[in-house]
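> Going down the list, the sequences are from chains X and E. Residue numbers for the first sequence follow our numbering, so the first one is 971 and each next one is one higher. Residue numbers for the second sequence follow our numbering, so the first one is 971 and each next one is one higher.
Keep in mind that the hints were calculated from the coordinates and are not lab data. One or more of the hints may lead you astray.
It does not matter which identical chain is meant; a pair holds if it fits inside one copy or across any two.
[What the hints assert, rightly or not] In silico SDA-like pairs for lysine to any residue, Cα to Cα no more than 25 Å straight-line: (1) Lys1229 <-> Thr1313; (2) Lys1346 <-> Leu1069; (3) Lys973 <-> Ser1029; (4) Lys1343 <-> Pro1320; (5) Lys1396 <-> Met1371; (6) Lys1346 <-> Gln1035; (7) Lys1027 <-> Arg981.
There are 2 protein chains.
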Amino acid sequence: MGKYLPTEPYRGTRDFLPEEMSVRQQVFQRLYEVIEVFGYQRYDGPVLELTEIYEAKSSREIVEQQLYTLTDRGGRRLALRPEMTPSVARIIAGNLGRLTFPVRWYSHPNCFRYERPQRGRVREHWQINVDLFGSSSSAVEVEFIELIHAMMAGLGATEDMYVLRMSDRVLLDAIFTEILEVEDEQRRQVAGLLDRWEKYPEDKLRADAEEIGLSESRFARLREVVQAGEEILPELSEQARAGSKLIEVMNSRARDRIKVDPLIVRGFDYYTSTVFEVFDASPQNRRSLFGGGRYDNLVGLYSAQAVPGFGFGMGDVTLMDFLSTHGLLPEPANKVDAVVIPTAEALFEPARTAAAQLRAAGVRTTTPLESAKLGKEIGRADKAGARAVVIIGEQDHAEGMATVRDLVSGEQERVALPDVANAVRKLL
Amino acid sequence: MGKYLPTEPYRGTRDFLPEEMSVRQQVFQRLYEVIEVFGYQRYDGPVLELTEIYEAKSSREIVEQQLYTLTDRGGRRLALRPEMTPSVARIIAGNLGRLTFPVRWYSHPNCFRYERPQRGRVREHWQINVDLFGSSSSAVEVEFIELIHAMMAGLGATEDMYVLRMSDRVLLDAIFTEILEVEDEQRRQVAGLLDRWEKYPEDKLRADAEEIGLSESRFARLREVVQAGEEILPELSEQARAGSKLIEVMNSRARDRIKVDPLIVRGFDYYTSTVFEVFDASPQNRRSLFGGGRYDNLVGLYSAQAVPGFGFGMGDVTLMDFLSTHGLLPEPANKVDAVVIPTAEALFEPARTAAAQLRAAGVRTTTPLESAKLGKEIGRADKAGARAVVIIGEQDHAEGMATVRDLVSGEQERVALPDVANAVRKLL
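Here chain X stands alone, though its shape is the one from the complex (with noise of 0.2 Å):
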């Protein structure tokens, strides 16, 4: 340790000054809004939750590498969250006899993962989890289709800009037996291999293929089947067919709103049907932006009542990379409306009780700690973004006066104080 603590934040971890933080603010405000004129509603439950919830149904990645984990004084093994999903089937496990389903939640918790800092990925996020409980109708997936859709569109996004991919774990496995004909303890290790299909070189993938044992032809079917896309599905069994969520929604209008990929996997558990990504079309950043889908067995890790669910995660850094990319992200919003400034020290007080005044009208307002020149106090307004300064001058207010000076044009007016709020309000 030197002279002085270290002022950066811990790695991969992040501080929001003001300005950064109204754009965080104003572009997850307009997402609450979305989601919540879909009928959802916001809960919140602890960043500290038992290991154990995670090492049940959370992906091995995460629970052997990803978490950050400690044990308490009594004995307890702890981890900080790195999800929310768990977290929510604890919660709607727990109160089934106060809930009436279907429950339409989410949350906006800060998650935790070691990794490594690089683009899009920090060790402590805050993620948007939109989440619905209680149906295994496919009207479930339509539903979130055009929340996904509404939420693009609240931020400005245009169905250009982005693709909503849709597969289903259900017609996967048949892909698997019915196609592939993968053996079973060869699934998870395919699966992968498949998720990181359009990442890695052809050269890597072979090499990868070798190793988990798929014989050269099985290899070069597996690309066949990734090539043929969503053409592989009427290939496939009525019986496999039939049991599909994505089936049904490829008989909906919904269908034409996503690309149906038999080969979107996502790296948990839980997922039993379902699953979908939503990747940034720009061809310089072919990323997931985010993703989810359908758990119907979670709840059941809690509680005898199995209670079916859908839902998905959106973190803000990805998103925020995502809105920069396309030249959607807000201006910070400006830091106050108006700066009362008294000319002298004996005017402070005077200067104080105008400033009431203005904030009780709503005005968010300031006034200066120290003397200083009228000017500079009147750049300093202008700097922080406020609209108008009112100056309390020695004669004006021994006359009940003080002056509005708009700071856009320059006009200005003398007013009495009673009504000086109301001057400022006309200006903004």
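Please build the complex by placing chain E on the supplied structure of chain X, with the hints as guidance.
For chain E alone, kept in the frame of chain X given last:
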């Protein structure tokens, strides 16, 4: 581990179901609005910080007993933040070049303390933090006195419900030196004794005094000082009084809005001058609700540039208890405005279209996911707090119409599909 995973949140932490979350959000939304009208901007920082930033200046109790700590794979000793002040001082010090002082900031972080859970104490709480950096003028104290009263008023509290007690460590030091003649090495212990004064009975205080080596006559003098309250201040030397912000506040109009109480201590080591606490005034609950003070040396731990600071943190648990005691908790908000109900399976798509129209008009709307009897769906809509249902029936729909029913009056009207949103909005 039993057959099922536990559904309770980790001991001392809380799940917030939507009704509880709605109350929490409404309370804090009111506070955000008041704080912003005083010109404060929101910032944010990470949950994980290097442990050393707390070791430097937080209270011993926090560091030795209450910190959740862990070590990452890079060997960094980390803590879950127990409070926000060290983080905000770090962020200020790291961004001196970007900032124009005075800086008015606020935040609403979750903070963590390993405490024995009891009334008013939890292990994760949400804390509003408001801080001002860059001025050593007592105008800062005056601004905070106004802000705190405005925040309490924003919550519906009147000034008879709470007391804002303010002290000054400069004066406390002078009381120790000039009146009580406490040795330097005893000060911390005597300050601790003062902090406990109102919580413990006299014989317990006397025993504590004896244990720290205070003679009976010194203890009697201490009791006199406590009883004197602000009457002790004129006995202090001019020099001590001249260095005190509290004496300056006592010469301003803000004097009338505080109770001067030289014996308010607060546990944090970083306070340098004024400290305050807001107490519940109700006799059955004379607890400290929140507090803060001036810390002019904290930024100096991170930087050669000293930046004076003043701020406070207000936790959700004690605040909610206070609001509950005084009948000031808001009602949970309703969940949805309207439910669009199709009377047959074939009408789900038209119902979704009508729902989309309502949502575009800002009406919080759901549609059923499964077919059910109309009466049952209406009952559900009513229970969810909807004001209206929109019934999409076969005959109606064939004629381009729908029925809008007001769930409060029971009245209904048949309207053309494009007018549904307007008809519902009129009811809200």
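> Hint by hint, note whether the structure agrees.
Status of each hint after checking the structure:
For the homomeric pair Lys1229 and Thr1313, neither the shortest alpha-carbon distance inside one copy (65 Å) nor that between copies (31 Å) is at most 25 Å. In this assembly of identical chains, Lys1346 and Leu1069 lie within 25 Å of each other by CA distance solely across copies; the values are 16 Å between and 59 Å within a copy. Taking the shortest Cα distances, Lys973 and Ser1029 sit within 25 Å of each other only across copies (21 Å), while inside one copy they are farther apart (43 Å). For the identical chains of this complex, Lys1343 and Pro1320 are intra-copy neighbours only, at 18 Å inside a copy versus 66 Å across copies, given an alpha-carbon limit of 25 Å.
In this assembly of identical chains, Lys1396 and Met1371 lie within 25 Å of each other by CA distance solely inside one copy; the values are 18 Å within and 44 Å between copies. Taking the closest pair of Cα atoms, Lys1346 and Gln1035 never come within 25 Å of each other, the shortest separation being 54 Å inside a single copy and 48 Å across copies. Taking the closest pair of Cα atoms, Lys1027 and Arg981 come within 25 Å of each other only across two copies (22 Å); inside a single copy the shortest separation is 28 Å, beyond that limit.
Hint violations for this structure: numbers 1, 6, all remaining hints satisfied.
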